[in-house]
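Student: As they're listed, the protein sequences go chains A and B. Quick note: the first sequence, position 91, residue 91 per this note's numbering, numbers continuous. Quick note: the second sequence, position 121, residue 1121 per this note's numbering, numbers continuous.
A few of these clues could be false.
[Stated by the list, open to error] Computed cross-link-like contacts, BS3-like style, restricted to lysine-lysine with a CA-CA straight-line distance of at most 25 Å:
| hint | chain 1 | residue 1 | chain 2 | residue 2 |
| --- | --- | --- | --- | --- |
| 1 | B | Lys1106 | B | Lys1168 |
| 2 | B | Lys1014 | A | Lys278 |
| 3 | B | Lys1104 | B | Lys1172 |
| 4 | B | Lys1168 | A | Lys272 |
Think of the hints as simulated: they come from the structure by calculation, not from any bench.
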Amino acid sequence: MKKRRISFITVSVYALLLLGTASWISIFMIEKASLSLLFSEQNLYYAGKFFKGLFGIGEESPAFLNVESWKNALDLTLETLFMSVMATGFSTIAALLTVVPAARNIADGSLTLVKKWHGWLSFGAVRGGYIFSRAVPELVWAMIIIFIFKPGLLPGAIALALHNFGILGKLFAEVIEDLDSRPVRNLSSSGAGRLQLLLYGVLPAALPRFLTYILYRWEVIMRTTIVVGFVGAGGLGQQFKLSMSFFHYTDITLLLLFYLLLVFAADFISEKARWFIK
Amino acid sequence: MDKKWLSFELHKRKILSLILLLAFIISLFSIEWNKDLIHSKGLDTAKQIATAFFTPDLSGDILLLAMESSWTTLSYAAAGMSLAIVIAFFYGVPASGIIVADGKGKRYIRSFFRGQLGFMRAIHELVWAWLFVASIGLSPFAAIFALAIPYGGILGRIFADMLEDVSKEPIKGLEAAGATKLQTLWYGYLPMVRANITSYAMYRFECAVRSSAIMSFVGIGGLGYQIQLSLDDLHYDEVWTFVFFLIILVIMIDLWSNQLRKRLVQ
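Construct all of the structure, not just a fragment, from the sequences and the given hints.
Tutor: This is the structure we're talking about:
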C-alpha cells in the first residue's frame, strides 16, 4: 500500500513538471510568443502612454481632481457593495435550501438514523448541480444571463450567486458531514421531524462555520464584482469597461482606487466579524 | 452585570446572522423590482438557452476547436501557476520574516512584503489582464502575467503563514547545531511545509484553470474566447459544448488534486 502511495505522488509530480514544460513550449513554439517582442520600442511607447494616462500626466482635467467623478465613483462603489451583498444572500439561501440532501451522512442515514429510498438519488442530483454551478466561472454565467436580463445590478448578482452557490453548497455539506452526530441522533430518536432536525440539531452546531464561510465568500465575491460588471452587469466594472473604451484613463485610476478600498474594507470587515463570533 | 455579558457572548452568532440578514434585505431595495428587469424577449431566449443545454453541438470541427482551446486554457494556467510559485517563494520567505533576526528590521521587512502581496491579490486577475493588454498588447504573456500576479499574491501569503506556523523545536535544534538562517530555511522550514503548500498550490491550480478560461474576455484565446464568440453568434448549442469542455477540464483537475492532496496531507 505504502509503495503505491509514493508512486502516485511521484507520478503526479512528474506529470505536473511535464505539463508546465509542455505549456511553456507550446506558448513559445506554437503561439510564437516572444519576450523580446514584448519589449519592442512600439510597445514601450504605448505602455508609457498608458501609464502616463493612468496618472493623468499631460491631461487637462484628470478625473481625480473632479468632484463630479468622485461622486459618480462613490455611487458606483455603493452599487457594487449592494450587488455583492445581494449575491452572497442569494447563494446562501439557495445553498441552505439544498444542503440537507447533499450531506453524505444524511444520504446514507447515519446522521438522522432515517434512511429514505431517494437518499442517494437526491444526494447525487444536488451534488451534481453544485459541481456544475461552480465549474462555470462567474463571467461566463454573467455573459449568458445578460441575454435574459437587462444590464443592471440584478444579472450581476445572479451570475455571482450561481457560481458561489456551488461552492457554498459544497462547503456547507462538508460542515454537516463533520458534525458530531450524537445530538442529532438524540433528537431523531425522540421523534423530531426533518425540519426540526435541521433547526434544532444541525443549524446550531453548524452555524458558526456557515457564517465563517459566508463571510469568506463575501470577500471573494467583492473582488469578483468588478469582473461581472465588464459584461454589463452594473457597478464599478461596467464603468471601468466604458472608461477603458473611451480611453478615459484617469477615470480608471479613480475606479481602481475605489475598488481597492472596497476590497480592503471587505477583508477588514469580514475578518473582524469572524473574530467577533469566535 | 456578569450574567448579561455572558448572554451577549452566547448570542453573538445570532446577532451577526441578524446583521447579515438585514444587510441582505437592505441590498434588495437597491433594485427596482418590476418587469423592466428582463428583456422583452428575455424569457424566450432563456428557453432557447435551456433547450440548447440538452442539444450541444457535437460536430467534428467544434469538438476539435474545443480541444484546441482547452489546451490553450490549460497551458496558460500551468504557465501562470509556475510563475506564481516563483513569486510566492521569493515574496513568501521574506514576508514570513523567518530568515531575518528578530527586531525592528524584521517587522518592517515583514509588513513591506506582506503589503505588496496584499496589493497583488487585491486586484482581480481579469483587471490585471486588462491592464496588461492595454500596456503590452494581445500576447499570451498578458494572460500569464495576469494570472501569475494575483495567484502569486495568494500563494505567497499562505506560504508565509505556513512558514510562521511551523513548530519551532526542529528549527531550534538546527540552530543549536550551528545552522545559518538560510540552512534552517532549506533543511528545517521548507521540508516541513512542503506537503501543505503543494496541496494548496494544487487547489489554486484548479482555480487558475477557471480564471485562465475567462482571460479570453479581454481578447486572449482559449475556451472563454470561443464561448464569447458563440454567444455573439447566438449559437447557444456551441456555447454549451465549450462550457461542457471547461467543466470536464475543471473536474479532471479537481479529482487529480483531491487525490494528490489526500495522499500528501496525512
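Student: So, for every hint listed, does it hold in this structure?
Tutor: Verification of the hints:
no., hint, result
1, B/Lys1106 <-> B/Lys1168, "holds (18 Å)"
2, B/Lys1014 <-> A/Lys278, "holds (13 Å)"
3, B/Lys1104 <-> B/Lys1172, "holds (21 Å)"
4, B/Lys1168 <-> A/Lys272, "violated (28 Å)"
The structure fails to meet hint 4 from the earlier list, while all remaining hints are met.
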